[in-house]
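2 protein chains.
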Amino acid sequence: MRTIEDYRKVAGDDVIGEIYNKARRLYGKGILHINSTYIGGGVAEILNSLLPLMNDAGLDADWKVLHGNSDFFTVTKKFHNALQGDNINLTNMKKEIYLQTNENFSVYTHINHDCVIVHDPQPLPLIKFYKKRQPWIWRCHVDLSNPNREMYDFIKSYILKYDVVIISNKRYKMDDLPVKQKIVFPAIDPLSPKNIELSKKDIARYLDKYGVKTDKPLLVQISRFDMWKDPEGVLEAFMLVKNEVDCRLVLCGGMAMDDPESQIIYNRILLKAGKLIKKGDVILITLENNILVNALQRSAAVVIQKSIREGFALTVSEALWKGAPVVASNVGGIPAQIIDGVNGFLVEPSDTAEFARKILQVLKHADLAKAMGEKGKETVRTKFLTTRCLMDYLDILNEVLF
Amino acid sequence: MRTIEDYRKVAGDDVIGEIYNKARRLYGKGILHINSTYIGGGVAEILNSLLPLMNDAGLDADWKVLHGNSDFFTVTKKFHNALQGDNINLTNMKKEIYLQTNENFSVYTHINHDCVIVHDPQPLPLIKFYKKRQPWIWRCHVDLSNPNREMYDFIKSYILKYDVVIISNKRYKMDDLPVKQKIVFPAIDPLSPKNIELSKKDIARYLDKYGVKTDKPLLVQISRFDMWKDPEGVLEAFMLVKNEVDCRLVLCGGMAMDDPESQIIYNRILLKAGKLIKKGDVILITLENNILVNALQRSAAVVIQKSIREGFALTVSEALWKGAPVVASNVGGIPAQIIDGVNGFLVEPSDTAEFARKILQVLKHADLAKAMGEKGKETVRTKFLTTRCLMDYLDILNEVLF
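Line by line, the protein sequences give chains A and B.
Under the working numbering, the first residue of the first sequence is numbered 1, with each subsequent residue one higher.
Under the working numbering, the first residue of the second sequence is numbered 1, with each subsequent residue one higher.
If you're looking for bench data, these hints aren't it; they were derived computationally from the structure.
Do not rely on the hints blindly, as some may be mistaken.
Since copy identity is lost for identical chains, a pair holds within one copy or between any two.
[Unchecked claim] List of simulated lysine-lysine pairs, DSSO-like, C-alpha gap at most 30 Å:
id, residue 1, residue 2
1, Lys201, Lys78
2, Lys131, Lys29
3, Lys77, Lys213
4, Lys364, Lys272
5, Lys377, Lys78
6, Lys180, Lys78
Could you build the full structure based on these sequences and the hints that come with them?
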């Protein structure tokens, strides 16, 4: 079980001291986090690291997961996409499934905490089903910069009831929302299996186990097979790169259960890259394994993140933390992490040729790659570690509870 | 939100009255259910129906979901398989991941309830991380009739701490376990979207939407693409049947995320049934949609359940409830639901030819099919509805709390 103390070496004593200071007024305060599974595995990862530390700091932090059936997740996936700008046919049936699941959850979830923190749109309307006895905070991880207006208006009636809204990026600020909005960047846990230092032997063992050879430079994208992550575009960029520099591509990420699109995209890549897959130059891994991801990011010549939309893109922070040169889309939270040309490259997601050019630039200039990687690691150390995220939460709790 | 009252029509006034009676001593008692997601979606379905009713009866029932990362689920899936008899390499690493996730959960889960009910092996060792202040019940949904002994011995040290163990079948009774063991059958919710009465129009609309034509008799298996459910064996039986009676096969079930086997099995079926799929005589649906499942079960000429192992097989109860003739494996909880030749047929799972013969017998004898279906529905009404399950829990709580 990790404690705050374990982070001294990586975050520094000043940060650790500040955490203890900020926690002093909050001893024994009951804080309830509520999220739902499925979309946004990243949120669960953050909570998994944050909650033990919040308790170690002296708070009584609880975590409950909203359970929904497949209908609920089908509907809330559409909501999620609409909040990121997609069209939606917002029927009463969809609204009912959304509200009904939340009402059900409220029946078997007795809340007697000092503060409730609700993560993402799935459990957002919960607040409607409780007598409010404490501050409620909505923590939104979604890109809200250009939502479908009908969708936004529907969820706005619930957002209005909250005391504070936390967003991941100043560009997601909702101008017409008369609720206090705070910006908190997500964060990675430097001590989790996905990010912890690995020995060369362990790296080699994991890559070997999953059939990843390292005799050529590796291009890596870690992302679900999902249209928002544009794995097909990555394959195209890779093919352009490979005309000039021989290399391998690894696409590693889960298949989205219940998501027929995911299967279609995967099949299309299988078809398009058939020969390269047989040759071992394109490697598709649909298994989610944290240590494998860690090993891939540490072995990559370039980490790619060619997303079309992103909430924040913690995969970018993960790669930067490992000193990998990153070429990523200029969307969502990525420009908050990468300064173009300094600690990585930012490219417009539609410009596949430019992706290939930047990747080649990294592959051809080892010194540039190394310098960018080092700066990337420092960026994450100061801004995107779980200890910083904990401090932000403590600040907000100090503000809303007194 | 469903209440106990809503079940009067389907369960009868005597049952409703008995529920209220059994609940009287339990008013305001805090009951905490803990399960984990992933394997056993059936458990979540049961809790989803049960928890609102338990609260409606006057108890304060809470539900918490143990969250784990993909490593945890990989390990606990292996545990699950080993408890059902598979071999396992029970390393310290696996034990650590298992215990660590549970310890983490205990840190951010504050328990002050009168009774804790833990579902299945994933959260079983939680009990180790609390000072015990109330009775703990372990509710096991797994087939424990022939577990891997090393695996069983490892989890036994946690089982021993519990006050009561609930199993699904008398055949799962652990003879060497000095803990009170109770048998509670799982149950289906007759009012959930998966089981509620559907109009002919709705059925037609759903089948049409997913490309299922009804011009030939439909053989249906509802199950994940998973080796334990033997979808390949179902395909083989179907081919034998089709030599004599023209019909269609629908295999409908989710792909197991994180489960590479699942993808392999699916691909193998795609290959084997390629021509039949093109012709529309074999239909694979990897989407999980409750109303579609409902419509398929109501339209099936025969529902097949050719599992190799089963905890209980609620899909059988679901099909029986809809009056469908069922041909199913003589494993797990299936013989508790089906009396061979009376309300369905029981076949040894390895005997594919016998499966085909029984399916043909049903297809060729409409009167037999109808009579079996009617008896099947009555079996479920008396033994496998959520109201009966609620009563069993109330009985056990009355016993452990006083």
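Right, here's what the structure says about each hint:
no., hint, verdict
1, Lys201 with Lys78, "between (43 Å within a copy, 26 Å between copies)"
2, Lys131 with Lys29, "both (19 Å within a copy, 21 Å between copies)"
3, Lys77 with Lys213, "between (36 Å within a copy, 29 Å between copies)"
4, Lys364 with Lys272, "within (27 Å within a copy, 47 Å between copies)"
5, Lys377 with Lys78, "neither (35 Å within a copy, 36 Å between copies)"
6, Lys180 with Lys78, "within (27 Å within a copy, 47 Å between copies)"
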